[in-house]
Amino acid sequence: MLIRQPDDILPSEITPPDIYRERRRFMQGIGALAVGAVLGATPKAQAGAKLTGAHASAYKLDEDGTPYKDVSTYNNFYEFGTGKADPAEKADSLKTRPWTVAVEGEVGNPGIYDIDALLKLAPLEERVYRMRCVEGWSMVIPWVGFPLREIIRRAAPTGNARYVEFVTLHDPRQMPGQRSRVLDWPYVEGLRLDEAMHPLTLMAVGLYGEVLPRQNGAPIRLVVPWKYGFKSAKSIVKIRFVERQPLTAWMRATPSEYGFYSNVNPEVDHPRWSQAKERRIGEFFKRDTLMFNGYGSQVAQMYRSMDLKRFF
Amino acid sequence: MTAALHNPKFWIFGICLFPLVRLIVLGGSGGLGANPIEFITHSTGTWTLTGLMVTLLVTPLRRLTGRAELIRYRRMLGLFTFFYACLHFITYIWLDQFFDPAAIARDIIKRPFITIGFAAFVLLIPLAATSTHSMMRRLGRRWQQLHRLVYLVAMLGVIHYVWLVKKDLTEPLIYGAGLTLLMILRLSWGVMLLQLARNRFVPARF
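Protein chains in written order, with my numbering: chain E, 1 to 312; chain A, 313 to 518.
Any given hint might turn out to be false.
Said to hold, decoys possible - List of simulated lysine-lysine pairs, DSS-like, C-alpha gap at most 30 angstroms:
| no. | chain 1 | residue 1 | chain 2 | residue 2 |
| --- | --- | --- | --- | --- |
| 1 | A | Lys422 | E | Lys238 |
| 2 | E | Lys90 | A | Lys479 |
| 3 | E | Lys69 | E | Lys120 |
| 4 | E | Lys309 | A | Lys422 |
| 5 | A | Lys479 | E | Lys95 |
To be verified - Beyond 10 angstroms from chain A on every Cβ pair, some chain E residues (computed):
| no. | residue |
| --- | --- |
| 6 | Glu135 |
| 7 | Gly209 |
| 8 | Val237 |
| 9 | Ala253 |
| 10 | Phe284 |
Simulated from the structure, these hints should not be mistaken for laboratory data. Where a beta carbon is used, it is the ideal one built from N, C-alpha and C, also for glycine.
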């Protein structure tokens with residue numbers, strides 16, 4: 001059941017949600033757009049290098065950010081091993097330059113984007129999002145990136161495009177975890193087109209104002225804050241617009257446990273563990289997990305007529 | 313003091329404290345990682361399984377080496393296993409569930425891996441409670457029958473591990489393979505195998 005909160009933003013296709021939500025942020029955005037255009041953000045590729053030109057956004061939280069060390073050493077990124085420490089230890093072999101992202105499928109304007117072109121595609125903004133892992137832990141992460149819809153708009157999806165599929169790099173030489181058959185490589189994730197177009201859906205290229213560390217999905221990854229972390233595909237090489245719902249890596253691996261939607265939902269348990277609470281990294285006591293990870297007022301309307309127990 | 317140093321039990325006791333000392337040292341130096349409670353839960357759990365395996369190794373080792381005196385160290389190994397099982401259980405009810413009896417009861421009923429882990433823990437209690445010499449005397453033949461429960465406990469422990477991991481079964485299956493081997497060595501032809509190995513490779517002692 002969805003509980004509508006008084007601050008719910010009604011869906012509006014006519015007024016851009018930015019203006020609808022807060023005029024001031026819109027003005028800030030205009031300013032940053034201008035600054036970004038003048039300076040021409042050209043960040044260095046190395047993790048840890050400052051990302052110039054990223055501006056603050058209205059996407060902030062009153063919750064403390066998870067320390068950089070934890071965000072960059074406690075990761076699920078099976079391409080580098082199934083242990084939480086594996087990605088930080090083994091991701092050095094990943095080469096993030098040259099890097100291209102193919103945009104293809106049901107689009108009027110397919111193309112192959114160079115990563116440095118993507119970094120200049122839209123103004124980079126810092127967004128502080130909650131991240132809830134399906135395993136029952138969570139973080140608060142200041143990402144740097146731009147909305148996915150900036151790419152989608154340029155790609156001009158056709159009427160047949162109903163879903164968007166994201167494919168992670170498949171190269172066992174660079175990603176030693178892919179030598180194990182723990183998942184069916186490459187890693188595939190997907191969103192419904194409206195989810196992909198949602199203003200919250202971010203393409204992240206950095207965190208804490210710096211170039212994204214490899215273990216966090218460099219050089220470019222998806223961030224969908226109202227879904228469990230595994231939906232946010234890392235080190236993306238392909239964005240494909242399709243008519244049919246993509247078969248994601250986790251659905252293929254364990255269909256009974258991982259559904260396509262995977263929205264954060266304290267009322268729908270994982271078959272083997274409860275999702276009612278979560279451990280925020282760095283905190284002693286567990287927190288209650290929030291419906292849609294606390295983003296219900298922005299996203300709940302997309303699932304209005306759906307049984308979320310069935311479409312888990 | 314020197315007498316204590318010559319007693320293998322002294323050294324075994326020290327070695328058995330290693331997992332606990334390690335957790336304390338790591339905890340003091342911030343070495344438990346981003347999710348310390350998960351680390352402690354996992355560590356006490358896998359050390360409990362390791363303890364079960366080592367305890368179950370005593371009898372095959374005795375048959376292989378012919379050193380009957382090894383049996384003297386088995387009780388200590390078993391009790392340390394129970395000790396780590398207790399730490400594992402306490403970590404769960406305290407650091408994971410914060411003594412919420414309703415949540416714990418729900419978990420035990422609803423989550424098969426918790427049900428089975430809890431059952432294994434409960435079954436260990438009578439074994440620990442009857443580990444004294446006087447209890448052995450009082451129970452007589454029934455003592456051995458009761459303590460065969462340890463095979464069931466070890467199996468439940470391995471299943472508990474298999475059912476909790478998200479995808480990568482490597483580690484639980486290593487414990488499963490270890491337990492399978494230990495059980496095979498208890499079958500009649502396993503015992504014969506140990507005898508053969510002993511005659512072939514282990515020099516007779518004079």
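Quiz item: Since glutamate 135 of chain E was said not to touch the interface, does its Cβ keep a gap of more than 10 angstroms from each Cβ of chain A?
Solution: Glutamate 135 of chain E is in fact no farther than 10 angstroms from some Cβ atom of chain A, at 7 angstroms.
Quiz item: Within a Cα-Cα threshold of 30 angstroms, do lysine 90 of chain E and lysine 479 of chain A meet the stated pairing?
Solution: The hint holds at about 20 angstroms.
Quiz item: In terms of Cβ atoms, is chain A entirely out of 10 angstroms range of glycine 209 of chain E?
Solution: Glycine 209 of chain E is indeed farther than 10 angstroms from all Cβ atoms of chain A, at 20 angstroms.
Practice problem: Given the hint that lysine 422 of chain A pairs with lysine 238 of chain E, test it: the Cα-Cα distance must not exceed 30 angstroms. | Solution: violated (40 angstroms)
Quiz item: Hey, does phenylalanine 284 of chain E actually stay past 10 angstroms from chain A on C-beta?
Solution: violated (8 angstroms)
Quiz item: Is the nearest CB of chain A more than 10 angstroms from the CB of alanine 253 of chain E?
Solution: violated (6 angstroms)
Practice problem: Could you grab the alpha-carbon distance between lysine 309 of chain E and lysine 422 of chain A and see if it respects the 30 angstroms cut-off? | Solution: The given pair, whose Cα atoms are some 17 angstroms apart, holds under the 30 angstroms limit.
Quiz item: Keeping to a limit of 30 angstroms between CA atoms, is the pair of lysine 479 of chain A and lysine 95 of chain E held or broken?
Solution: Distance ~27 angstroms between lysine 479 of chain A and lysine 95 of chain E Cα, so the pair holds.
Quiz prompt | Interface-negative label, valine 237 of chain E against chain A, beta-carbon threshold 10 angstroms | solution = holds (23 angstroms)
Quiz item: Are the Cα atoms of lysine 69 of chain E and lysine 120 of chain E separated by 30 angstroms or less?
Solution: Holds, because 28 angstroms separates the two Cα atoms, which is no more than 30 angstroms.
Of the numbered hints stated above, those contradicted by the structure are hints 1, 6, 9 and 10, listed in ascending order.
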